[in-house]
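Throw the hints in and build the complete structure from the sequences for me.
Residue-level listing of the chains:
2 protein chains.
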Amino acid sequence: MNTKKQAEQILRDGHVKPTSIRLEVLSYLLGTDQHPCVDQIYLDLKERIPTLSKASIYNSLHLLVEEHIIQKITIEDEKTRYDADHSTHSHFFCKGCGQVMDIEGLDPNDFKSPLLKEFEVDQIQIYYAGYCPACKVQKEDKTDE
Amino acid sequence: MNTKKQAEQILRDGHVKPTSIRLEVLSYLLGTDQHPCVDQIYLDLKERIPTLSKASIYNSLHLLVEEHIIQKITIEDEKTRYDADHSTHSHFFCKGCGQVMDIEGLDPNDFKSPLLKEFEVDQIQIYYAGYCPACKVQKEDKTDE
DNA sequence: TTATAAATTTGTAATCATTACAAACGAGGT
DNA sequence: ACCTCGTTTGTAATGATTACAAATTTATAA
Ligand SMILES: [Mn+2]
Ligand SMILES: [Mn+2]
Ligand SMILES: [Zn+2]
Ligand SMILES: [Zn+2]
Numbered sequence: 000m001n002t003k004k005q006a007e008q009i010l011r012d013g014h015v016k017p018t019s020i021r022l023e024v025l026s027y028l029l030g031t032d033q034h035p036c037v038d039q040i041y042l043d044l045k046e047r048i049p050t051l052s053k054a055s056i057y058n059s060l061h062l063l064v065e066e067h068i069i070q071k072i073t074i075e076d077e078k079t080r081y082d083a084d085h086s087t088h089s090h091f092f093c094k095g096c097g098q099v100m101d102i103e104g105l106d107p108n109d110f111k112s113p114l115l116k117e118f119e120v121d122q123i124q125i126y127y128a129g130y131c132p133a134c135k136v137q138k139e140d141k142t143d144e
Numbered sequence: 000m001n002t003k004k005q006a007e008q009i010l011r012d013g014h015v016k017p018t019s020i021r022l023e024v025l026s027y028l029l030g031t032d033q034h035p036c037v038d039q040i041y042l043d044l045k046e047r048i049p050t051l052s053k054a055s056i057y058n059s060l061h062l063l064v065e066e067h068i069i070q071k072i073t074i075e076d077e078k079t080r081y082d083a084d085h086s087t088h089s090h091f092f093c094k095g096c097g098q099v100m101d102i103e104g105l106d107p108n109d110f111k112s113p114l115l116k117e118f119e120v121d122q123i124q125i126y127y128a129g130y131c132p133a134c135k136v137q138k139e140d141k142t143d144e
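Here the protein sequences line up with chains E and Y, keeping their order. Numbering of the first sequence is given in numbering that gives the first Met the number 0, commencing with residue 0 and proceeding in unit increments. Numbering of the second sequence is given in numbering that gives the first Met the number 0, commencing with residue 0 and proceeding in unit increments.
Be a bit skeptical, because a hint or two may be false.
Just so you know, same-sequence chains aren't split out, so a pair can sit in one copy or run between any two.
[Said to hold, decoys possible] Quick list of in silico lysine to aspartate or glutamate cross-link-like pairs, DMTMM-like style, CA-CA up to 25 Å: (1) Lys71 to Glu7; (2) Lys71 to Asp82; (3) Lys53 to Glu65; (4) Lys116 to Asp32; (5) Lys138 to Glu65; (6) Lys116 to Glu75; (7) Lys135 to Glu119; (8) Lys138 to Asp12; (9) Lys94 to Asp76; (10) Lys78 to Glu103; (11) Lys135 to Glu66; (12) Lys78 to Glu119; (13) Lys94 to Asp140; (14) Lys94 to Glu77; (15) Lys78 to Asp121; (16) Lys135 to Glu46; (17) Lys53 to Glu103; (18) Lys135 to Glu65; (19) Lys116 to Asp140; (20) Lys138 to Glu117; (21) Lys53 to Glu77; (22) Lys53 to Glu75; (23) Lys45 to Glu7; (24) Lys94 to Glu75; (25) Lys94 to Asp121; (26) Lys3 to Glu66; (27) Lys94 to Glu119; (28) Lys116 to Glu139.
In case anyone wonders, no lab produced these hints; they're calculated from the structure.
Written out as structure tokens, the structure reads:
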């Protein structure tokens, strides 16, 4: 487990004081590919840190997003997800299992239309929605029987 | 104003009973390029229909989304926007004026990565965030003085 | 037409994620 | 040890969405 070390380095580089909660939150995000929501982060960290408050999770996440250390992902409208990978990359949301996964291998910057010449584009979000391979076969099986 | 006729046709084609509220909501969406949220739709329609309930707006929107007649757009995480254009197209969200506008001229379907071969992709959402031409110059002016 | 059933619309209460904010805490510095 | 300031916590407020039962409208049958 050296996501802690990694987190500390990232915070220092970003001139953000590496407080205990910030380290916990960032290190948690670095250690997962699940794009968790606030509640997920809170529940998992709370097991090791019983005094933890959900407000602290919000505090840290807001700061980290502000400092461009992590990114916010808005897919389902009920809850916001967070990603330690702040680079521009695409996601797939599975309506079956609810997972959000990275789709590598395509560069969203290629989507910059010439129509955006007059715009200042700070961020590109791309996501696909549908069924992941596992959930897809499940659905087909159900239709069969 | 023949968005009403248009709405009626679309509902019939989709085998959705064209009730008065559904016609109002769909016709409102057809008549705007603003990608309005529930409250915007509600407030504007309420002026002409004083008995209107917000629950009815939710009812109609949910049904229309379900029937693939309109689409839900999730950009800002506080509120959901709706679009009578259910085709796959891109949007730009301006952090200055808060507007969401269509970006034509690129087909998101071109971007189906080979990595998605095993997936069932029902929907592609792409949006850019930043500053629209108008807000961009305003920002630059402020920096100058 | 009148009665009856079904669907729609309304009003309101409940839910749930997020925000606001004041009190408690804790790491440095004196 | 004491003070200060930023951090963390607990809790209340907000605001969008959902749930749901009552009222109203529309469709169907007698
Ligand atoms: Mn990701
Ligand atoms: Mn649009
Ligand atoms: Zn799945
Ligand atoms: Zn703008």
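So, going through the hints one by one against the coordinates:
1. For a Cα distance limit of 25 Å, the shortest separation of Lys71 from Glu7 inside one copy, 20 Å, qualifies, whereas the shortest one across copies, 39 Å, does not.
2. Taking identical chains as interchangeable, the C-alpha atoms of Lys71 and Asp82 lie at most 25 Å apart whether they share a chain (6 Å) or sit on different chains (23 Å).
3. In the homo-oligomer, the alpha carbons of Lys53 and Glu65 lie at most 25 Å apart inside one protomer (18 Å), although the nearest pairing across protomers, at 34 Å, exceeds that limit.
4. Proximity of Lys116 to Asp32 under the C-alpha cut-off of 25 Å is restricted to the inter-copy arrangement: shortest distance 21 Å between copies versus 34 Å within a copy.
5. Taking identical chains as interchangeable, the C-alpha atoms of Lys138 and Glu65 lie at most 25 Å apart only when they sit on different chains, with a minimum of 18 Å there against 40 Å within one chain.
6. In this assembly of identical chains, the alpha carbons of Lys116 and Glu75 lie at most 25 Å apart only when taken from different copies (23 Å versus 30 Å within one copy).
7. In this assembly of identical chains, the alpha carbons of Lys135 and Glu119 lie at most 25 Å apart only when taken from different copies (7 Å versus 39 Å within one copy).
8. In this homomeric assembly, Lys138 and Asp12 never come within 25 Å of each other (Cα to Cα): the closest approach is 46 Å inside a single copy and 27 Å across copies.
9. Proximity of Lys94 to Asp76 under the C-alpha cut-off of 25 Å is found in both arrangements, the shortest distances being 13 Å within a copy and 19 Å between copies.
10. In this assembly of identical chains, the alpha carbons of Lys78 and Glu103 lie at most 25 Å apart only when taken from the same copy (24 Å versus 29 Å across copies).
11. Taking CA atoms no more than 25 Å apart as the test, Lys135 paired with Glu66 passes between copies only; the shortest distance there is 21 Å, against 38 Å inside one copy.
12. Only between protomers do Lys78 and Glu119 lie at most 25 Å apart by alpha-carbon distance; the minimum there is 23 Å, versus 27 Å within a single protomer.
13. For a Cα distance limit of 25 Å, the shortest separation of Lys94 from Asp140 inside one copy, 16 Å, qualifies, whereas the shortest one across copies, 45 Å, does not.
14. Taking identical chains as interchangeable, the C-alpha atoms of Lys94 and Glu77 lie at most 25 Å apart whether they share a chain (14 Å) or sit on different chains (21 Å).
15. Within a single copy, Lys78 and Asp121 get their C-alpha atoms as close as 22 Å, and across copies as close as 21 Å, so both meet the 25 Å cut-off.
16. Proximity of Lys135 and Glu46 under a CA criterion of 25 Å is satisfied in neither setting, with 34 Å inside one chain copy and 46 Å between copies.
17. When the C-alpha separation of Lys53 and Glu103 is checked against a cutoff of 25 Å, the pair qualifies neither within a copy, at 32 Å, nor between copies, at 41 Å.
18. Taking the closest pair of Cα atoms, Lys135 and Glu65 come within 25 Å of each other only across two copies (20 Å); inside a single copy the shortest separation is 37 Å, beyond that limit.
19. When the C-alpha separation of Lys116 and Asp140 is checked against a cutoff of 25 Å, the pair qualifies only between copies, where the shortest distance is 19 Å, while the shortest distance within a copy is 48 Å.
20. When the C-alpha separation of Lys138 and Glu117 is checked against a cutoff of 25 Å, the pair qualifies only between copies, where the shortest distance is 14 Å, while the shortest distance within a copy is 45 Å.
21. Taking CA atoms no more than 25 Å apart as the test, Lys53 paired with Glu77 passes in both settings, with 17 Å inside one copy and 19 Å between copies.
22. With identical chains, the CA atoms of Lys53 and Glu75 are at most 25 Å apart both within one copy (20 Å) and between copies (22 Å).
23. Taking the shortest alpha-carbon separations for Lys45 and Glu7, only the intra-copy value of 20 Å comes in at or below 25 Å, while the best inter-copy value is 53 Å.
24. In this assembly of identical chains, Lys94 and Glu75 lie within 25 Å of each other by CA distance both inside one copy and across copies; the values are 10 Å within and 20 Å between.
25. When the C-alpha separation of Lys94 and Asp121 is checked against a cutoff of 25 Å, the pair qualifies only between copies, where the shortest distance is 10 Å, while the shortest distance within a copy is 28 Å.
26. Taking the shortest Cα distances, Lys3 and Glu66 sit within 25 Å of each other inside one copy (18 Å), while across copies they are farther apart (47 Å).
27. Taking identical chains as interchangeable, the C-alpha atoms of Lys94 and Glu119 lie at most 25 Å apart only when they sit on different chains, with a minimum of 10 Å there against 33 Å within one chain.
28. Within a single copy, Lys116 and Glu139 get their C-alpha atoms only as close as 44 Å, which misses the 25 Å cut-off; across copies the closest is 16 Å, which meets it.
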